[in-house]
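Please model the complete structure; the sequences and the hints are all you need to start from.
So the chains spell out like this:
Number of protein chains: 2
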Amino acid sequence: MKQTSKNIAIIGSGLVGSLLAIYLKRRGHLVTVFDRRPDIRNIEFSGRSINLAMSNRGWRSLREVGIEAEIKKIAIPLDKRAMHVVGKSQYYQKYGKEGEAIWSISRGVLNKRMIDLAEKAGVSFRFEEKVWDIDLPEAKVYTGETEKGHWSEYQYDMVFGCDGAFSRVRHKMQRRSRFDYSQDFIDVGYKELTIPANADGTHKLDKNSFHIWPRGRFMLIAMPNLDGSFTCTLFMPFEGEVSFENIRTKAQAKTFFSTYFPNVMQVMDDLMEDFFKNPTSAMVTMKCYPWSYWDKVALVGDSAHAVVPFYGQGMNAGFEDIYVLDQYMGQFGDDWETIFMKYQEDRKPNADAIAELSYRNFIEMSSKTADAKFLLQKKIEKHFAAKHPQKWVPAYSRVTFSERPYAEALAMGDAQEAIMQTIMNIPGIEKKWDSSEVEERMLGLL
Amino acid sequence: MKQTSKNIAIIGSGLVGSLLAIYLKRRGHLVTVFDRRPDIRNIEFSGRSINLAMSNRGWRSLREVGIEAEIKKIAIPLDKRAMHVVGKSQYYQKYGKEGEAIWSISRGVLNKRMIDLAEKAGVSFRFEEKVWDIDLPEAKVYTGETEKGHWSEYQYDMVFGCDGAFSRVRHKMQRRSRFDYSQDFIDVGYKELTIPANADGTHKLDKNSFHIWPRGRFMLIAMPNLDGSFTCTLFMPFEGEVSFENIRTKAQAKTFFSTYFPNVMQVMDDLMEDFFKNPTSAMVTMKCYPWSYWDKVALVGDSAHAVVPFYGQGMNAGFEDIYVLDQYMGQFGDDWETIFMKYQEDRKPNADAIAELSYRNFIEMSSKTADAKFLLQKKIEKHFAAKHPQKWVPAYSRVTFSERPYAEALAMGDAQEAIMQTIMNIPGIEKKWDSSEVEERMLGLL
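Heads up: the sequence lines are chains B and R, in that order.
Residues 1 to 446 in this note's numbering are what the first sequence spells out, letter by letter.
Residues 1 to 446 in this note's numbering are what the second sequence spells out, letter by letter.
Careful, some of the hints might be misleading.
Copies of the same chain are indistinguishable here, so a pair counts whether it falls within one copy or spans any two.
As the list claims (entries may be wrong) - Straight-line distance between alpha carbons at most 25 Å, and here's what the computed SDA-like set of lysine to any residue pairs gives:
id, residue 1, residue 2
1, 204, 107
2, 277, 178
3, 373, 133
4, 254, 363
For the record, the hints were derived by calculation from the structure and aren't laboratory data.
For clarity, every value in this text was computed on a predicted model and none was experimentally measured.
Quick look at the structure:
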């Protein structure tokens with residue numbers, strides 16, 4: 001369907017902002033991206049990022065505009081978890097079927113490449129230009145050095161808010177009546193740490209694994225980078241017995257790492273320095289609705305739906321927003337009010353679903369991994385799925401290796417959970433969990 | 001316990017702000033109240049208010065500072081609902097036991113009186129002074145004509161945010177990390193209408209009743225004023241078949257009122273004018289946490305917990321905040337960090353409880369009043385409560401005529417609901433609902 005060329009502003013030059021710019025440019029629009037920060041290509045990346053895991057939804061969105069191959073060059077496939085459990089030797093858990101993998105990418109490296117690609121496509125970037133206000137019904141953008149100083153006014157046909165979980169565009173929408181909004185922080189924070197490469201540039205741990213050191217209420221993860229290093233993330237409660245609050249001195253930090261992560265400690269050269277230099281960051285689930293204002297303004301990505309990172313889907317969900325939005329652009333031409341309406345109605349339940357799934361993964365990891373009954377349940381599911389791969393697709397695969405809606409993955413997961421509740425109530429399930437009786441029962445419940 | 005005199009700013013001169021000022025003054029502090037609006041005593045009140053229903057919690061808070069009698073002079077006791085149901089003649093439902101009543105007060109009249117009383121107590125008011133920013137750790141307040149113009153800076157020892165559901169003080173706190181926040185609008189709006197007094201100043205409907213015209217998804221209520229008039233509120237969905245959106249012309253409004261409220265229509269002189277002149281307002285449940293910042297800033301009332309008005313407890317909950325806060329002031333002297341901590345830990349679960357109860361009342365009124373099973377359940381509860389008043393205190397009484405925590409009322413209500421689920425599943429309950437068998441069963445379940 002025909003679409004008239006529009007003059008469009010995107011607020012935020014992050015991953016979602018730069019990919020959306022490429023999509024809009026492809027449809028023939030004039031696109032300007034504003035960012036209050038300097039051009040990320042000219043600066044050292046800040047180091048408060050959990051490495052990204054690109055999965056099917058993300059790749060589909062890149063494929064659509066022909067940049068999948070380009071980005072794969074900077075990604076490392078991970079086909080399994082490497083589990084580092086206390087008192088056991090390291091073991092692996094395959095993520096999915098043969099050929100299924102998630103891909104580790106450094107956020108900084110990816111963002112730089114995306115901006116390059118957008119610029120090559122003809123997108124204009126205005127870095128270090130701070131947007132302080134948006135006139136929503138008029139699609140006007142106001143920028144300036146300081147909030148109280150002189151502002152420049154820009155007139156656009158429409159404005160996209162891709163400015164992340166603490167979005168100013170959304171913030172402006174939030175002050176309106178009938179705008180639903182929530183932000184919920186979890187009591188666990190995270191800190192970035194690094195395992196450097198070997199002297200010859202090779203990786204110190206298996207390169208094609210997502211490494212996890214689960215320790216109950218806290219855990220460490222590591223994802224590989226192209227240069228041989230690993231970006232690690234320590235997740236730990238802010239307060240409490242073992243917590244960020246209670247590690248204030250180098251001696252306390254040393255005790256902590258040598259008690260819980262003695263092997264990792266040996267390969268982290270600058271551990272003490274990193275631990276006290278890098279910030280401790282918070283994690284939030286942010287929901288809102290609506291995501292658009294008339295045919296003038298729309299939110300895309302984290303500005304509309306920020307999730308906790310425990311399903312590795314934040315970026316994938318944002319990229320999928322763009323893919324879906326673009327489909328409606330193709331379908332409804334110049335009728336932007338309908339495009340935005342369809343987009344938000346389509347995406348909102350899926351955004352809520354991945355928020356819920358991500359939060360549940362957090363709860364699972366922090367409180368259930370030591371629960372014998374929970375572990376038995378997971379064992380039964382895995383056993384059954386191996387025997388009946390068509391009949392029992394794990395929620396993780398539905399989310400990660402499929403392009404079906406998140407809401408469907410959540411619903412199917414709930415249905416499986418209901419079945420498992422019945423199965424777990426079978427008397428003596430501990431003894432006969434792998435019996436044909438249990439298998440028949442599960443088949444009957446499906 | 002000794003408390004040093006502090007220099008305190010209160011943002012907002014509404015009901016909660018002016019009562020808090022009286023409390024703080026009584027404890028010997030220097031108190032200044034800022035309000036961006038003009039002095040309400042010099043202007044016509046705006047007319048987008050649901051009349052207030054003061055109940056036990058509110059009265060206790062006024063009694064504590066000796067102004068209960070003064071305020072009772074401007075209140076009218078309502079000891080019953082007057083139900084105006086289609087196809088039935090008007091009937092009454094007593095609220096509680098003999099002597100129990102809620103009290104109708106006009107918001108404007110009450111607020112003017114409260115400011116008078118605060119001023120008499122020595123509180124300073126700075127009306128039409130707009131607060132644009134708060135320095136939370138420094139307890140500094142910034143005011144000015146416009147957000148972008150020149151600002152004056154005031155230094156205080158502490159600042160209280162009593163600036164309502166759309167609080168700027170909270171807004172400042174919200175931008176910090178780890179601040180939980182949510183705002184949820186319901187899809188029903190409200191509009192104020194008026195039934196004027198008779199020519200001789202008497203009331204056109206029973207003066208000591210809360211009048212309700214329930215109509216399923218929409219309803220009209222009326223509460224008496226001292227001057228013989230009634231302030232009415234029409235609650236109706238914003239969108240849908242019967243909705244504000246679908247009443248756009250005088251002809252449509254006339255059809256609506258003559259179809260659903262023919263009798264009321266006759267006594268509303270300026271109905272058409274009011275309907276189109278008065279705004280349609282939205283209703284929100286707002287939650288947040290924490291409610292304080294160090295020993296410097298605290299939120300009180302709607303700024304900390306706004307609820308939908310269907311339990312008539314918004315003001316009562318805000319006044320109870322002050323009562324509880326003051327108890328901790330008495331207990332912890334100059335240790336303001338502990339005072340604020342205890343206050344928020346005490347009040348948060350109760351604020352959540354009254355939010356939940358208020359929202360449930362909305363759902364009940366809008367979707368369950370036509371449900372035969374629900375009505376039967378209510379009939380059984382009432383029948384049982386009449387026989388065993390000590391054993392079955394309705395949630396409404398626990399909320400309205402008691403000073404026990406809201407959270408307790410919610411928990412007891414849930415326990416009663418669980419019992420009623422069992423009772424409603426008794427085969428043939430429709431026939432034997434008032435039998436001794438059912439009564440015995442309920443006694444056994446208590």
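Here is how each hint holds up against the structure:
no.	hint	verdict
1	204 x 107	within (21 Å within a copy, 70 Å between copies)
2	277 x 178	between (42 Å within a copy, 21 Å between copies)
3	373 x 133	neither (52 Å within a copy, 52 Å between copies)
4	254 x 363	neither (28 Å within a copy, 55 Å between copies)
Violated hints for the displayed structure, listed by number in ascending order: 3, 4.
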